[in-house]
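Enquirer: Put the two chains together into one complex; each comes in its own frame, and the hints tell you how they fit.
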Amino acid sequence: RKEVEQDPGPFNVPEGATVAFNCTYSNSASQSFFWYRQDCRKEPKLLMSVYSSGNEDGRFTAQLNRASQYISLLIRDSKLSDSATYLCVVSQSGGYQKVTFGTGTKLQVIP
Amino acid sequence: DAGVTQSPTHLIKTRGQHVTLRCSPISGHKSVSWYQQVLGQGPQFIFQYYEKEERGRGNFPDRFSARQFPNYSSELNVNALLLGDSALYLCASSLLTGPYEQYFGPGTRLTVT
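Here the protein sequences come in this chain order: E and D. The first sequence: position 7 = 7 (the working numbering), numbered continuously. The second sequence: position 81 = 1081 (the working numbering), numbered continuously.
Think of the hints as simulated: they come from the structure by calculation, not from any bench. Among the hints, a few may not be true.
[To be verified] Straight-line Cα separation of at most 25 Å, DSS-like style, residue types lysine-lysine; simulated pairs:
{"no.": "1", "chain 1": "D", "residue 1": "Lys1030", "chain 2": "E", "residue 2": "Lys98"}
{"no.": "2", "chain 1": "E", "residue 1": "Lys42", "chain 2": "D", "residue 2": "Lys1030"}
{"no.": "3", "chain 1": "D", "residue 1": "Lys1030", "chain 2": "E", "residue 2": "Lys45"}
Okay, chain D solo, but in the shape it has when bound (with noise of 0.2 Å):
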């Protein structure tokens, strides 16, 4: 079976314009959790979503949002990016929401020049 897909594995990015990050989870996960990973840091909580609904949010600004689709797949979006946004963004399926093991995805690598 598949593991967590995500696209792109790279992008780069200029101040002020917006991005979005695509996530594909294990076959029959409905969750889907995305984590921004700066260097030397752990993953940081930004979203969970479970059947299409917003389920968890992290400490982000209103300039990160997300949404999962009928088929559990999820958009991370965020707009106006500034230049501390450059980090690894992971994508985590699980199969329910709530305190479930999660599996990650390779994730994307966002550069914010």
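Chain E on its own, in the form it takes in the complex (with noise of 0.2 Å):
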């Protein structure tokens, strides 16, 4: 079983659609979980920090479920700029970091 896994999709949305992603990952003692973006063909620019209670940014919200070892994503309204892949990261440490990315998972919003 792979660390941390995602569904590849690619999910095509309309404009205005509300997308949900998930992403599960395997090791009980991490501590730390992010979600990227990453267009295409550039870096990946951090998206939002995902904490015990939940967090909003905006049209963004992040979720994290400790007892079934998954985080979510959910984004409301998508905007044609909201077309990314987005990664979801894991973090342990205690000592010495380490790191696992997801293989992401691809969004088109449509017009």
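Expert: Dropping the structure here:
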């Protein structure tokens, strides 16, 4: 089983739709979680950190479910500019850092 | 403020050669991480350095090595290049070591022929 798994998509959604992505992780010792977005042939950019209590930033909401070992990202009112690949990131520390990226979920917002 | 910078942007090498990639973190950031990204995959963690010390290592062979300098810039070295080393190499900086948000540079695209 992969350490971090994401549905590669693509998710093709119309403008204005709500879309949700999940990401599962295998190591229960994982401590920190993030969502990044990556545009084609560009570097990843931090979208948001994921906190145990959940967090929201405008149209974006991230949730963490430790019991089931997954994180989620919800995008409301999708814009054309949201088209990108969304990468989930799981991090463990405790003296020696290990960071694992998922393979990403591709989102295409259609006019 | 300048973001993370990397050099060179593109590089073509032949099998068996050695390559050095360079990274300057965001001003004030003390931690640098290196990632390899092949097409269609997420970035794979290679190393993390903080205050010139290795603080994390991914599953890469000993042909890969790195170091961090007193000004927090970093180099990634790859020896005995293989065709499979062709990838985008990304550098990310963060304020401290540990599970902090990381900010990526534009990457160095390495092609091994």
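Enquirer: Enumerate the violated hints, using their earlier numbering and listing them in ascending order.
Expert: Of the numbered hints given earlier, the structure breaks none, since each of them holds.
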